[in-house]
Amino acid sequence: MAFVKAQKTKAYFKRFQVKFKRRREGKTDYRARIRLINQDKNKYNTPKYRFVVRFVSS
Numbered sequence: 001m002a003f004v005k006a007q008k009t010k011a012y013f014k015r016f017q018v019k020f021k022r023r024r025e026g027k028t029d030y031r032a033r034i035r036l037i038n039q040d041k042n043k044y045n046t047p048k049y050r051f052v053v054r055f056v057s058s
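Per the UniProt record's numbering, the sequence shown starts with residue 1, numbered consecutively.
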């Protein structure tokens, strides 16, 4: 009995989700960015750090 490769249909590709562009390119680690932006929950009324860390080609 021959092995039959499963064919992916048009319906499969229609709902196939791709990762974010910068994630696909390997430029941005979104988990690390969230960790940098998040703050300890016990620090009330402290300024929030909103900075974006990205690799840029310069």
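No lab work stands behind these hints, which were simulated from the structure alone.
Just so you know, these numbers come straight off a predicted model, no measurement behind them.
Be aware that one or more of the hints could be misleading.
Derived DSSO-like pairs (lysine-lysine); straight-line CA-CA distance at most 30 Å [as the list claims (entries may be wrong)]:
id: 1; residue 1: LYS41; residue 2: LYS27
id: 2; residue 1: LYS27; residue 2: LYS14
id: 3; residue 1: LYS19; residue 2: LYS5
id: 4; residue 1: LYS8; residue 2: LYS21
Going through the hints against the structure:
1. At most 30 Å may separate the alpha-carbon atoms for a hinted pair to count; LYS41 and LYS27 meet this at roughly 29 Å.
2. Restraint check for LYS27 and LYS14: satisfied, since their Cα atoms lie roughly 26 Å apart, inside the 30 Å limit.
3. At most 30 Å may separate the alpha-carbon atoms for a hinted pair to count; LYS19 and LYS5 meet this at roughly 25 Å.
4. Distance restraint check for LYS8 and LYS21: the Cα-Cα separation of roughly 23 Å lies within the 30 Å cut-off, and the hinted pair is therefore satisfied.
Checked against the numbered hints given earlier, this structure breaks none of them.
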